[in-house]
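Peer 1: Position chain V relative to chain H; hints supplied.
There are 2 protein chains.
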Amino acid sequence: MLKNIFTIILFFAVSSFTAKAQDEDSVMIHRLSTEVLLNGKAYSNLYTLCKSVGQRLSGSAGMYKAEQWGLQALKEAGADNVYLQQCMVPHWVRGKKEFAGYKTKNHKNDTEYNVLALGNTVATGDKGISAEVVEVKNFDELEKRKNDVKGKIVFYNYPFNKTLLRGAYGDAVRYRVNGPSAAAKYGAVAVIVRSVTGAYDDYPHTGTMHYDESLPKIPAVAISTVGADKLSADIKGAYKNEKLFLQTNCEMLPDTIGHNVIGEIKGTEFPDEIITIGGHLDSWDPGEGASDDGTGIVKSIEIIRLFKTLGYHPKHTIRIVLFANEENGLRGGTKYAEEAKLKNEKHIMAMESDGGAEYPRGFVCGMTKGQFTKVQSWTKYFEHFDATKFVFSEGGGGGADIGPLQQAFKTAQFGFITTGQRYFDLHHSAADTFDKVSAQELNLCTAVMASMVYLVDKHGL
Amino acid sequence: MLKNIFTIILFFAVSSFTAKAQDEDSVMIHRLSTEVLLNGKAYSNLYTLCKSVGQRLSGSAGMYKAEQWGLQALKEAGADNVYLQQCMVPHWVRGKKEFAGYKTKNHKNDTEYNVLALGNTVATGDKGISAEVVEVKNFDELEKRKNDVKGKIVFYNYPFNKTLLRGAYGDAVRYRVNGPSAAAKYGAVAVIVRSVTGAYDDYPHTGTMHYDESLPKIPAVAISTVGADKLSADIKGAYKNEKLFLQTNCEMLPDTIGHNVIGEIKGTEFPDEIITIGGHLDSWDPGEGASDDGTGIVKSIEIIRLFKTLGYHPKHTIRIVLFANEENGLRGGTKYAEEAKLKNEKHIMAMESDGGAEYPRGFVCGMTKGQFTKVQSWTKYFEHFDATKFVFSEGGGGGADIGPLQQAFKTAQFGFITTGQRYFDLHHSAADTFDKVSAQELNLCTAVMASMVYLVDKHGL
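Residue numbers (the working numbering), protein chains in the order written: chain H, -17 to 443; chain V, -17 to 443.
One or more hints might be untrue.
Quick list of in silico lysine-lysine cross-link-like pairs, BS3-like style, CA-CA up to 30 angstroms [to be verified]:
(1) Lys57/H x Lys47/H
(2) Lys47/V x Lys325/V
(3) Lys23/H x Lys418/V
(4) Lys78/H x Lys57/H
(5) Lys33/V x Lys290/H
(6) Lys222/V x Lys134/V
(7) Lys371/H x Lys371/V
(8) Lys47/V x Lys134/V
(9) Lys109/V x Lys78/V
(10) Lys134/V x Lys109/V
(11) Lys212/V x Lys33/H
(12) Lys392/H x Lys440/H
(13) Lys362/H x Lys371/V
(14) Lys23/V x Lys119/H
(15) Lys351/V x Lys371/H
(16) Lys212/H x Lys33/V
To give an idea of the interface, some chain V residues facing chain H are shown, with a C-beta separation under 7 angstroms as derived from the structure [unchecked claim]:
(17) Thr16
(18) Leu19
(19) Asn21
(20) Lys144
(21) Thr145
(22) Gly180
(23) Thr401
(24) Gln422
(25) Glu423
In case anyone wonders, no lab produced these hints; they're calculated from the structure. Fair warning: this is a prediction, and the values are worked out from it, not measured in the lab. Built from N, CA and C at the ideal position, the CB exists for glycine as well.
Isolated chain H, as found in the complex:
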């Protein structure tokens, strides 16, 4: 393309800074932005996390490596005080690779589907399960067919509704979370769930689920979207009325010791008033946890480096928290709030990023109307970034890890939001790798988060 359209947009994009250059906050935000866009370290930190640590499921060797990586990264960013906060975490292990497919005498070739056991599920055991598959589109259809599923494998083939834009995950994830117990209620022996993703490929997407303790716990796996369409066709065609063989080898071991990894800059005026910023350190076991939630933690760590590099001395204590065990237990976020309560800490604001690092758009603002009015008055500082979407949410909603803090103290929350259309293509799958993250988008996200932290620190909420 030629340059004329970009010349116009150049004019458009720089105007907000030049016009307000007198304003001290504009100057500081411009400095933050320039430093992160030209010299940002978040991308190289993410590379190290993905390539030298990789997966870091709670309780795994990767978790302990990640904790050491986090301590080192926070020290290098310049935190005054870096420490571990212990919490017990669940220790679920996948064991040897799952299998789902038809191994029958009637067919020359066996058929296999790409599946991953859902997090926290029980295993089929060595012998596996052989049973017919009953496909349902949703819970309504399960209700209608409740007499057909006894002794069968229920296959939830609920599509990710791409027309919802930012709501498709929340809409579809209930089949992964609650589907196994809903099927067990009617005597199903196992569950297969269509992966909760908009991507059409052969990667299964795992994720946590919850058993209803009053019902039998049955094995459950996610199947790739390509695999789901094939299975749906196969059970009506080539493998009609035949038994699928499913084997999973996972196990829930006793809880083990994990840690929140914490780094602080002590506040100059209000050292006892805390601003918490974070993401989660753990990840699911396929992939590298690059977007979920490597980006969240490297952006948070970078805020420390930015403040230190630019010589900004925050009034309040800035505490970066790399939360343990968000994915299958939320033990880190829970522990963090419990300790804060025990110590009678004062928490004035919490920010979480757990949705990747696509183009930044703003924040879900879980706070009072009055606080939100103040946040809205800062909109002008975010125009340059095109990140002015501030969504009021009275009941919290900033994120999972900072949720317990909100419940404990009614702490004002910022849940960082991006354009968010690529995140669920990768999420909880082997596709969640470093190469999917744009350095420039990651740095821009950091600039937006750091700017909001600066404004709250400077002016209060």
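Peer 2: Below, chain V alone, put in the same frame as chain H:
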């Protein structure tokens, strides 16, 4: 991540449609959006273009294959009338691979840099050029060192200013476009330009340049950003005062026949009033031209399919144009406007997409104040997409290919804009491939473009 944040965003995202369900335009835009997000064909069309045609530089065999692909794709989308519009195009060929490096007796190992000849440049010839390299950061430094460059290779090492967000390309591209003649003025024998990209990798990014006809034409290449940093270090260190060997083998052949590829739906009320929508069919020769500008043309073609599938009969004639030769001549866009003028056509609106298919944000609106006021009144229809950025631009600026139409008729223009932070990582390089495009973002872009075309067609401008 868990679901609570997404539940809130779900509520936020769907509200605009449900609240305005009575409005006929909302209903139509919702139908367009649903069709493209669930059943869109743009992504599979892009796959075919990238993988079965690939590069399609003007005059190359790829250009002719692409024209045939375009005719077929427009027919399959349901265009009433599909045809070629002939225009002569430049026929520049790269020839055998370029070389830039040190081949000296003083070093055990030769050093090579990844370079690509700039489009339309002359070659060094078989013998190549051996000369010392003089590095300058910018044109000011060239002026200061004008007495040092005679007989030398000028190396413009001007960085892509990532802090400008949407303006970095317009800022840096002048060294690629005008650098060779500026150096030739002071007797330089060749030019090396740091690639105009924010990516830090080893892909050189080519692109067009313009010789000042009053000055000697000297060979010019782009060097990768990693290569540029290495070269900069090498000429101060290991290869100080040594001669770099540069060889390019490109050639400008006589103009050849190319075509704009056009598909129409005839207007029901105003068949003689034309709405032009398009992107360019040609690409540079490395990569697959996926984002530049494969996405622009598959989105445009998809608008025909959407209108046909949904039974929407436009009042005005909708004309999709896959423009020839945007990259190194603009002959297609020029020819299109000339023919329109000759035939005394009436052009009420033109829309161009030539900036990839990242998250859609809106349009540069090159039109009168009155027309812009009308466009702004439609903002509500774009809230659901979060694509409400309408930037007024009195002097046109909608895009290169529709520029001549604006000059001929003062036709109102829409230049489609996205978040646009990844585009120049890929642009004009071997990295511009299909796998970099998100299906969901591509479909959302199409929904936004189709919605604006629908509104202009329905209500006029």
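Peer 1: Each hint should be assessed against the structure and marked as holding or not.
Peer 2: Hints and how they fare:
1. Lys57/H x Lys47/H: 16 angstroms, holds
2. Lys47/V x Lys325/V: Holds. Lys47/V to Lys325/V sits at ~29 angstroms (cutoff 30 angstroms).
3. Lys23/H x Lys418/V: 24 angstroms, holds
4. Lys78/H x Lys57/H: 37 angstroms, violated
5. Lys33/V x Lys290/H: This hinted pair is violated, its Cα atoms lying about 48 angstroms apart.
6. Lys222/V x Lys134/V: Measuring from Cα to Cα gives roughly 13 angstroms; hence the hint holds.
7. Lys371/H x Lys371/V: 12 angstroms, holds
8. Lys47/V x Lys134/V: 41 angstroms, violated
9. Lys109/V x Lys78/V: 14 angstroms, holds
10. Lys134/V x Lys109/V: 16 angstroms, holds
11. Lys212/V x Lys33/H: 25 angstroms, holds
12. Lys392/H x Lys440/H: 20 angstroms, holds
13. Lys362/H x Lys371/V: Holds: Lys362/H and Lys371/V sit about 15 angstroms apart, inside 30 angstroms.
14. Lys23/V x Lys119/H: 24 angstroms, holds
15. Lys351/V x Lys371/H: Roughly 27 angstroms between the alpha carbons, so the hint for Lys351/V and Lys371/H holds.
16. Lys212/H x Lys33/V: Since the Cα atoms of Lys212/H and Lys33/V sit roughly 25 angstroms apart, the hinted pair holds (cutoff 30 angstroms).
17. Thr16: 5 angstroms, holds
18. Leu19: With a minimum Cβ separation of about 5 angstroms from chain H (threshold 7 angstroms), the hint on Leu19/V holds.
19. Asn21: 10 angstroms, violated
20. Lys144: OK, holds: Lys144/V within 7 angstroms of chain H, min 5 angstroms.
21. Thr145: 5 angstroms, holds
22. Gly180: 6 angstroms, holds
23. Thr401: Where the cut-off is 7 angstroms and the nearest Cβ of chain H is about 4 angstroms from Thr401/V, the hint holds.
24. Gln422: 5 angstroms, holds
25. Glu423: 5 angstroms, holds
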